[in-house]
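So for the sequence shown, this note's numbering puts the first residue at 29; every next one is plus one.
These are calculated hints, taken from the structure and not from any lab test. Don't take each hint at face value.
Label-pair ranges, simulated between beta-carbon atoms [to be verified]:
| no. | residue 1 | residue 2 | range |
| --- | --- | --- | --- |
| 1 | 390 | 230 | 35 to 43 Å |
| 2 | 75 | 195 | 41 to 49 Å |
| 3 | 233 | 57 | 48 to 56 Å |
| 4 | 56 | 408 | 29 to 37 Å |
Note that beta-carbon positions come from the ideal geometry of N, C-alpha and C, so glycine has one too.
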Amino acid sequence: MQVALGAVYAWSVFRDPLAEAYGGASATAVNTTFSITIFTLGFAAFAGGLWMGRSGPRIVALTAGVLYGLGIFLASFAEGSLVLLYLTYGLIAGAGIGLGYIVPVATLIKWFPDKRGFITGIAVAGFGGGAFVTAFVARSLVASSGPFSAFAILGIIYLIMVVGAALFMKNPPEGYRPPGWEPEESGAGGGVRADYDLGGALKTWQWFALWALLFLNVTAGIAIITEAAPIAAEISGVSATVAASLVSIISVGNALGRFFWAWLSDAIGRKWVFFVMFLLQAVLLVLLPFVGAPFVLLAILSFIIVSCYGGGFGTMPAFSADYFGPTNVGKIYGLMLTAWSFGGVLGPLLISRVIDSTGSYSLAFFILAGILAASAIVAFIVRPPRRGSEAGVPQAEGARA
């Protein structure tokens, strides 16, 4: 399921062919499609978290598959109309991705509360790696029949994959605990055992701090993902085929980062993982414009940067469960994913505007580096809420399928 949903990260493969198909449309105009997709995704994830609480994960996942596949398929009819592309690929497919994304994350945290970081890393790694195969397949389809025919074929494939996987989504029985496991007073994130409801979590400043961490991490990482292929062509001067390979390379970084940083957070703590990721990305973004011709070096730096982007998604569900408890994580983390919505708009918009005005990526990289360096301060100061403070009465999401 996550592999199919994560294929959205192959967007940069479509950017230039779509700009050409729309008569030389600007990078900003074309990338608005992707921004709408990500913006819709975050709010749909929140809706999915609420819906899961009432109806269980399976129906949410099935609906996600239908919307996602249908949205991509209908984008094949958008030739000559950017507005129709915004509606189909942006709104409809974006809603499907968001509904589907939250399902395995929230469900697996309930099945494996003793391994939150590790299991959420696995749950979202497939999403990060979705573009690995898609980039090559999409490039081939676009080259042979154009971007709109590619959307028709990919939409059918995504529909089958997500709907098929949705049939296996199920919550554990109410009150379930892994054999031999007892909840500890605090987790790797320094959190507490109290379960907050959504209203209680929103009364703490920590929820907004975690939202800010996710928002800032998304803003930087998704800017690189959106422009991956054009960045490779400009900085290293490689062909379109080689440039498309960077999309696949960073998708591996996105996937492995979700697993690696989440695993590391179980050992050293969630806040310190974010602190390290922010500083590391800031340094590498400053270096990126000076890489020059060696494509391998560009690929390595981009791989690490996007691994940190993925690490934010791998770590944050466990961070949220540490601070607010696992019972209502679908709702609490689902609303937190609106940070993805706003970061998904700001990042591509920032980098597109800089390209359109300067013709270069350098200034955008430096701006993003400054944002990330400042963001490390937020990671440094965040601490868990007091036990039971504003927790409210938890409403269990139940064991419905």
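C-beta pair residue 233, residue 57: status relative to the range 48 to 56 Å that was hinted: violated (38 Å)
Beta-carbon spacing of residue 75 to residue 195 - inside the hinted bounds 41 to 49 Å or not: violated (21 Å)
Hint check for residue 230 and residue 390 - Cβ pair distance inside 35 to 43 Å: holds (39 Å)
Range hint compliance [Cβ, residue 56 to residue 408, 29 to 37 Å]: Distance hint for residue 56, residue 408 holds at roughly 34 Å.
Taken one by one, the earlier hints fail for this structure at numbers 2 and 3, listed in ascending order.
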